[in-house]
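Engineer: Okay, here's what each chain looks like letter by letter:
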Amino acid sequence: MTRRLLISLGVLGVAAAVVSLMAVPVAGQAQKPAAPAAGARAATPAKPAARAATPLRTPWGDPDLQGIWNFATSTPLERPAAVGEKAVLSDQEAEEFAEKLAFDLTRDRRDGGNAADVARAYNEHWMDSRRLQLGDKRTSLVVDPPDGRIPPRVPLTPERKQVAQELAARAARFNAGLPQSHQEFTPPVRGIIRTDRPPYIGTIYNNTAQIFQSPGQVVILQEMIHSARVIPVDGKPHISPNLRQWLGDTRGRWEGTTLVVETTNFRKDAGAVYGNANPDTFKIVERFTRVAPDRLNYEFTISDPNTWTRPWTAMVSWSKITEQLYEYTTHEDNYDLVHLLVGARVREARGEKVPEPSGRPAGGGDDR
Amino acid sequence: MTAGAVTAALLCMVGTSTTIAAQAGAQPPAPGAWPRFTVPRMADGRPNLNGIWQALVTANFNLEDHEAQAGPFTELVGTYTAEAAGQSVVEGGVIPYRPEALAKRKQNFDNRTKVDVSKDDTWHDLGDPELKCYMPGIPRATYMGFPFQIVQGSSDALLFTYEFASAARVVRMNWKGESPGDFWMGWSRGRWEGDTLVVDVTGQRKETWFDRSGNYHSDALRVVERYTLVSPYHIMYEATIEDPNVYSRPWKISFPLYRRMEKNVQLLEFKCQPFTEELLYGRFRKQ
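Residue numbers (numbering that gives the first Met the number 0), protein chains in the order written: chain A, 0 to 367; chain B, 0 to 286.
If you're looking for bench data, these hints aren't it; they were derived computationally from the structure.
Keep in mind that this is a model prediction, so the values were computed, not measured.
We treat Cβ as the ideally placed atom computed from N, Cα and C, and that holds for glycine.
Worth double-checking, as some hints may not be accurate.
[Stated by the list, open to error] Simulated crosslink set (DSS-like; lysine-lysine; CA at most 25 Å straight-line):
hint, chain 1, residue 1, chain 2, residue 2
1, B, Lys-285, B, Lys-262
2, B, Lys-118, B, Lys-105
3, B, Lys-103, B, Lys-285
4, A, Lys-352, B, Lys-285
5, B, Lys-251, A, Lys-319
6, A, Lys-235, B, Lys-262
[Stated by the list, open to error] Residues from chain B that face chain A, not an exhaustive set, calculated with beta carbons under 10 Å:
hint, residue
7, Ala-29
8, Trp-33
9, Arg-35
10, Met-41
11, Leu-75
12, Cys-132
13, Gln-151
14, Ala-166
15, Val-169
16, Met-260
17, Asn-263
Just need the whole structure built from these sequences, with the hints factored in.
Structural biologist: Next up, the structure:
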């Protein structure tokens with residue numbers, strides 16, 4: 000039991016438990032290039048003009064994004080219902096928000112009984128402390144639509160509905176501690192992909208990426224799952240659509256000082272594409288802009304007419320850090336995957352059954 | 000045909016025959032001899048090692064001499080798993096194991112396709128790590144038979160990213176101090192010695208192997224690699240391997256790395272976890 004909850008909280012799910020966080024300086028935010036997010040942006044202060052005038056450049060003339068970056072943030076992906084239409088908090092509200100957040104996310108407190116204690120088993124030791132730094136007073140990472148919320152989903156085709164039902168059944172079995180096989184686990188649990196698959200959205204920990212550049216290439220090494228995403232910026236065409244990859248196939252170009260990245264060719268496996276979108280029509284465009292020596296704006300626009308009613312855009316500010324990025328592994332020491340399967344077989348022998356589907360998402364299903 | 004066209008055609012023929020004549024008198028470079036060339040350099044003057052590279056040796060089967068041989072499960076897959084013959088890449092031919100350390104190599108080889116992950120404390124005991132899709136460690140990542148990419152820019156770190164298992168390692172230039180932990184791909188400290196990139200790798204997990212023949216090391220492993228451009232298309236790779244628990248002295252491997260020259264070359268994915276999960280976890284499936 001403990002193992003299962005540990006896993007579902009820590010290695011996998013996290014999404015619900017985590018409002019991931021970090022400082023998004025308002026000054027940096029204002030320097031974003033033009034993009035479809037006018038609603039939220041209007042609420043931010045004007046940029047200091049001096050900064051943009053001297054962008055950092057590599058010796059071969061490209062904007063310089065090299066370094067180690069952290070993308071934890073205190074701002075939730077979607078605007079919480081409680082704040083209504085408000086896009087940016089006042090200083091007073093921000094202070095209250097920070098206090099409440101720090102309290103809500105404290106996992107070392109003991110005021111909830113045994114069940115709550117177990118649910119907080121991934122305690123403060125695991126947490127990226129940067130998720131508590133309130134540098135950004137925005138109420139959502141989503142900047143478009145202007146309501147700060149991901150647009151509604153479109154009705155699914157019968158085929159995709161069937162897939163969704165199968166995923167829900169797997170989630171129910173997982174949550175009941177009764178997974179049938181390793182194939183029922185999500186890609187993060189199996190150690191295949193995690194935050195290395197775009198978009199990059201923070202989790203409770205390991206919100207670190209190191210950017211390397213050479214003439215014609217930008218490469219982003221994400222701490223989790225350890226894979227490096229090579230982004231040619233030399234005009235090379237995409238690989239054939241016959242070749243699909245977990246991280247897709249990525250091409251970049253410079254627009255002024257912004258690196259614009261388009262990724263296609265995602266695999267069709269369950270969980271391979273963000274939000275279980277349709278891999279044939281899913282599109283993601285990411286924009287990286289270094290707005291200050293220690294600050295990079297990361298903006299992504301997602302579209303899939305077969306999944307969402309309209310495209311949507313979010314922005315996360317990354318901050319340059321002086322710590323190192325360390326190797327992250329899952330697969331090589333994935334003891335818990337075996338514990339979960341062995342436990343499931345024991346439960347079956349005892350006659351335990353999977354409850355009716357509750358609609359609760361699978362642990363690790365979308366790990367954000 | 001106009002006079003001008005005739006002249007052009009003749010000139011063209013003369014030019015062609017001259018080229019052929021020049022080639023006929025020249026010898027191809029002897030293996031291991033590298034004609035003089037101009038080293039491509041970065042803005043800081045260091046040799047530019049950027050590119051996608053691949054070893055062509057069969058060292059992943061065995062670092063030492065090996066005959067062509069049937070692979071495991073030949074009764075099921077015929078020659079699919081058979082291994083090519085190859086000459087030793089070890090200087091002097093043989094790895095200088097301490098006498099008492101040799102038995103474990105044989106044991107590794109005998110158990111190379113066996114797996115038992117039912118207990119945490121013996122999880123890693125059986126099976127070639129390659130079979131289980133582990134990150135291969137250094138130097139094995141270099142000669143897995145998959146390409147890897149060197150990314151060298153203007154920061155204080157280089158990236159080596161490998162197609163096999165999406166393994167990656169950061170080479171920190173002029174890093175002071177010891178490895179802060181144990182990692183599957185180790186902790187790499189880089190420095191330049193003239194035009195050679197020297198990478199000192201410590202902090203490697205003790206469970207990695209060097210090849211499918213069970214050549215192994217302990218947690219005292221230290222690997223010092225040397226990458227030297229010897230032509231626009233080749234890096235000479237050398238690694239000195241030191242582990243007093245297992246070998247009686249340091250030993251060295253070397254072979255060239257070849258620049259991949261396909262016009263559309265790029266690293267593709269070999270995320271092999273799904274290819275080994277049935278072997279590792281199939282026995283825990285619901286019956």
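Engineer: Each hint should be assessed against the structure and marked as holding or not.
Structural biologist: Quick rundown of the hints versus the structure:
1. For the suggested pair Lys-285(B) and Lys-262(B), the alpha carbons sit about 47 Å apart, so the restraint of at most 25 Å is broken.
2. The hinted pair formed by Lys-118(B) and Lys-105(B) meets the criterion: a straight-line CA distance of about 23 Å does not exceed 25 Å.
3. Restraint check: the Cα-Cα separation between Lys-103(B) and Lys-285(B) comes to about 35 Å, which exceeds 25 Å; the hinted pair is violated.
4. Pair hint Lys-352(A) plus Lys-285(B) holds up; C-alpha atoms about 13 Å apart against a cutoff of 25 Å.
5. Between Lys-251(B) and Lys-319(A) the CA atoms are separated by roughly 39 Å; this puts the pair beyond 25 Å, and the hint is violated.
6. The straight-line distance between the Cα atoms of Lys-235(A) and Lys-262(B) is roughly 10 Å, inside the 25 Å bound, and the hint therefore holds.
7. At about 32 Å, the closest approach between the beta carbon of Ala-29(B) and any beta carbon in chain A exceeds 10 Å, and the interface hint on this residue is violated.
8. Violation of the interface hint for Trp-33(B) is found here, the shortest Cβ-Cβ separation to chain A being roughly 24 Å, above the 10 Å cut-off.
9. Taking 10 Å as the C-beta contact cut-off toward chain A, the hint placing Arg-35(B) at the interface is violated, the least distance being around 24 Å.
10. Taking 10 Å as the C-beta cut-off, the interface hint given for Met-41(B) holds, the closest approach to chain A being about 7 Å.
11. Given the 10 Å rule on beta carbons, the hint for Leu-75(B) is violated: about 22 Å separates it from the nearest Cβ of chain A.
12. Using the Cβ-Cβ criterion of 10 Å, the hint placing Cys-132(B) at the interface with chain A is satisfied: the shortest such distance is roughly 6 Å.
13. Because the closest C-beta pair between Gln-151(B) and chain A is about 6 Å apart, less than 10 Å, the hint holds.
14. Checking Ala-166(B) against chain A: minimum C-beta separation of about 7 Å stays under 10 Å; hint holds.
15. Checking Val-169(B) against chain A: minimum C-beta separation of about 7 Å stays under 10 Å; hint holds.
16. For Met-260(B), the interface hint is violated, the least distance from its beta-carbon to any beta-carbon of chain A being 14 Å, above 10 Å.
17. Hint status for Asn-263(B): holds, given a least beta-carbon distance of 7 Å to chain A, under 10 Å.
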